[in-house]
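2 protein chains.
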Amino acid sequence: MTDFAKTRQMFDIPPGVIYLNGNSLGPMPKAAPNAINSFLMDEWRTELVRGWNTKNWFMQSNTLGDRLGRLIGAPAGSTVVGDTLSIRVFQAVAAALALAPDRRVILSDSGNFPTDLYMVEGLMGLRDVGYELRTPAPEDVLDHITEEVATVMVTEVDYRSGRKHDMQAIIKKAHSVGATVVWDLAHSIGAIPVDMYGTNADFAVGCTYKFLNSGPGGPAFIYVAPRLIDQVAPVLSGWFAHEAPFAFDLNFRPMPGKIDRMRIGTPSIAAFSLLGAALDIWDGVDMLDLRARSIELSEALISGVEAKCPGLTLASPRDPEQRGSHVAFKFEHGYACMQALIAQGVIGDFRAPNIMRFGITPLFTSLEDITQAVDILANILTEKTWQNPEFQSKALVT
Amino acid sequence: MTDFAKTRQMFDIPPGVIYLNGNSLGPMPKAAPNAINSFLMDEWRTELVRGWNTKNWFMQSNTLGDRLGRLIGAPAGSTVVGDTLSIRVFQAVAAALALAPDRRVILSDSGNFPTDLYMVEGLMGLRDVGYELRTPAPEDVLDHITEEVATVMVTEVDYRSGRKHDMQAIIKKAHSVGATVVWDLAHSIGAIPVDMYGTNADFAVGCTYKFLNSGPGGPAFIYVAPRLIDQVAPVLSGWFAHEAPFAFDLNFRPMPGKIDRMRIGTPSIAAFSLLGAALDIWDGVDMLDLRARSIELSEALISGVEAKCPGLTLASPRDPEQRGSHVAFKFEHGYACMQALIAQGVIGDFRAPNIMRFGITPLFTSLEDITQAVDILANILTEKTWQNPEFQSKALVT
Chain A
1 MTDFAKTRQM FDIPPGVIYL NGNSLGPMPK AAPNAINSFL MDEWRTELVR
51 GWNTKNWFMQ SNTLGDRLGR LIGAPAGSTV VGDTLSIRVF QAVAAALALA
101 PDRRVILSDS GNFPTDLYMV EGLMGLRDVG YELRTPAPED VLDHITEEVA
151 TVMVTEVDYR SGRKHDMQAI IKKAHSVGAT VVWDLAHSIG AIPVDMYGTN
201 ADFAVGCTYK FLNSGPGGPA FIYVAPRLID QVAPVLSGWF AHEAPFAFDL
251 NFRPMPGKID RMRIGTPSIA AFSLLGAALD IWDGVDMLDL RARSIELSEA
301 LISGVEAKCP GLTLASPRDP EQRGSHVAFK FEHGYACMQA LIAQGVIGDF
351 RAPNIMRFGI TPLFTSLEDI TQAVDILANI LTEKTWQNPE FQSKALVT
Chain B
1 MTDFAKTRQM FDIPPGVIYL NGNSLGPMPK AAPNAINSFL MDEWRTELVR
51 GWNTKNWFMQ SNTLGDRLGR LIGAPAGSTV VGDTLSIRVF QAVAAALALA
101 PDRRVILSDS GNFPTDLYMV EGLMGLRDVG YELRTPAPED VLDHITEEVA
151 TVMVTEVDYR SGRKHDMQAI IKKAHSVGAT VVWDLAHSIG AIPVDMYGTN
201 ADFAVGCTYK FLNSGPGGPA FIYVAPRLID QVAPVLSGWF AHEAPFAFDL
251 NFRPMPGKID RMRIGTPSIA AFSLLGAALD IWDGVDMLDL RARSIELSEA
301 LISGVEAKCP GLTLASPRDP EQRGSHVAFK FEHGYACMQA LIAQGVIGDF
351 RAPNIMRFGI TPLFTSLEDI TQAVDILANI LTEKTWQNPE FQSKALVT
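First to last, the protein sequences are chains A and B. Going by full-length UniProt numbering, the first sequence opens with residue 1, and the numbers climb by one from there. Going by full-length UniProt numbering, the second sequence opens with residue 1, and the numbers climb by one from there.
Calculated from the structure, these hints are not laboratory results. Incorrect hints may have been included.
If several chains are the same, the list does not tell them apart, and a pair holds so long as it fits within one copy or across any two.
Result set (EDC-like, lysine to aspartate or glutamate): computed pairs, CA atoms no more than 20 Å apart in a straight line [said to hold, decoys possible]:
1) Lys330 - Asp249
2) Lys173 - Asp195
3) Lys394 - Asp249
4) Lys55 - Asp66
Here chain A stands alone, though its shape is the one from the complex:
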């Protein structure tokens, strides 16, 4: 059994804070300062440019990719880290389109995270033949997978509601009509069990600053099925994807048969060192234990709110099997109410127009955190603390 009391001790969470926003930005692992100091002093300072060889900076995209790949059921050699999720979405969708050159439809859904749709818009603008981006409601995606579709690009767990797509069903349907699927796992990795290999997934992308706790803007990742890698064009074909980067050839030759071809430019090694420290915490974690614990905590939150917090209605699926690892409630005064909660040390977040969102992160969230948070929320509602003027002004980033 995974020891969640032990993993909780591996985070440095300020006293008085109940942090229910690890689905947006994970908290700092206690090991982070030493990890980065060691990178600075023992690697950059001491090895200088030699660190690319002596400290293996050059291959960290891959070694870290393999480490996080375990959390999504990806075989070794199928995942690399680096760049942002936006960039990885662009790269994956562009590569997927090239596998179906005669098709012109990209299928997503209206619940997808906007940057995924924006990046596809940008990609479509580069193409001179016309592509069409379809965004039906999430529950209608399966019905829209037809032979017109080149690729399906969906986020497994909805960033607002926490609703979870049926990965296996979507992949099966897509493959049956000759399409591929690009999964955005931003709210899946470290949140729920994912099985890239077992579901026969084609492409996946995601970020590491949410449930993986690599720090703000930590590196993204891309997974490509080994069966596809030799056919896949990197599209964003930087020198780290070249068969021989230090030959300095004028022509691009993608690394044959390897995920290395999806690397792009020179990645931040400082950011990698933080990701490494964050992944250490996952070494002893079993994803099925995590899922059981996530459901236990989520159910405690939902039943607590239903019992003690009138006015809030569940915006996530009631069936835990249909959810990822965050829980959303609708509340007319959600923005101000969330500010009032944050002022009392309970940190969740708000998503327009009326969603109060709470991340459920078993690595550091206890059942006591949940019951305390519910009591504080109940008190805010009883006292109508959210009406206080200081909780009305909108911050830049919510």
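Let chain A serve as the given structure and place chain B on it in line with the hints.
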């Protein structure tokens, strides 16, 4: 006058090392560990997700962009940092092509850094109309700027030879035929004076891990002339480029009239904190002083090698006005000779097939460093130390 004895004290260079490779990876500023520890403890750890507002993470792409913009004569509000140079090349060239929709030629040169050419290859592969990438010899670029050319993409200072393009002449010629220019300033920023505004430049990109000392894989930057920004499509249109990122609209609306539209996804704030510490060193530096000092040091290296190191021939222009801030020599046994130098604490690097490259970085390189390095090199040549078997084996990254 800039106090280079003082700036030298701001770097933590290991004793016994003469570091002549700041053109590849700058050394660690002494302030780096405190800067990142402060980011970790006072920002990420303490503020958690609130840091996007309270610590202004959301706008650091811009504030750091403005700080480094000063070093290239860019007006405030015209430069943002983030992503890699490869990604920024792609973004800039794609945007430049959109400004000349009827033209089909991208002009570069055969001395350009390969990743720039690779990224353009990838971009051309996305376009369904045929583009042509021309790569004449660097000295012939000016003659190849014709009305067929949509955009000229060149690196101002050649990464091997240090040869410098005539920025003003290329921009004038390009504008006279209705083309734009995308400058790669990887070996210019922090190396030589650059004047984006004065030369009426269109686009520029560059990295910060070389002469700016932000650490391995530090953030890249992009400059867009303010006169162009409202016409320029971001292409890599991530949510940080949106007019209202936290409205979570399904459709992309680029931030009107602002360089913000060239931001992409969520950037690494850890990497930004290192860049901030590195830029602090530049605050008291005058770029004309830096240029004078760079030439003084370069001339000392060249005359020392010419006097004491037979067998090496200068591969950089002899006229300092034609050079950036590194010096290259050809030597048949250059690889092994460089390994022998590194073994004795003089760190330069090697570029195939036969180039020994030395970065000239006035912020931390003294005249005594240069004379010592020349003496050590002369001794290696006299003793033929480079024949030692340990210096023959090729490292992954050279």
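Homomeric proximity label, Lys394 with Asp249: Cα distance no greater than 20 Å: between (52 Å within a copy, 17 Å between copies)
Is it within, between, both or neither when you check Lys330 against Asp249 at 20 Å Cα-Cα? between (56 Å within a copy, 19 Å between copies)
Tell me, please, which holds for Lys55 and Asp66 at an alpha-carbon limit of 20 Å: within, between, both or neither? Cα proximity of Lys55 and Asp66: one copy only (17 Å, versus 33 Å across).
When Cα atoms must be at most 20 Å apart, do Lys173 and Asp195 count as within-copy, between-copy, both, or neither? Classified as within; 17 Å inside a copy, 56 Å across copies.
In summary, the structure agrees with every hint in the numbered list given earlier.
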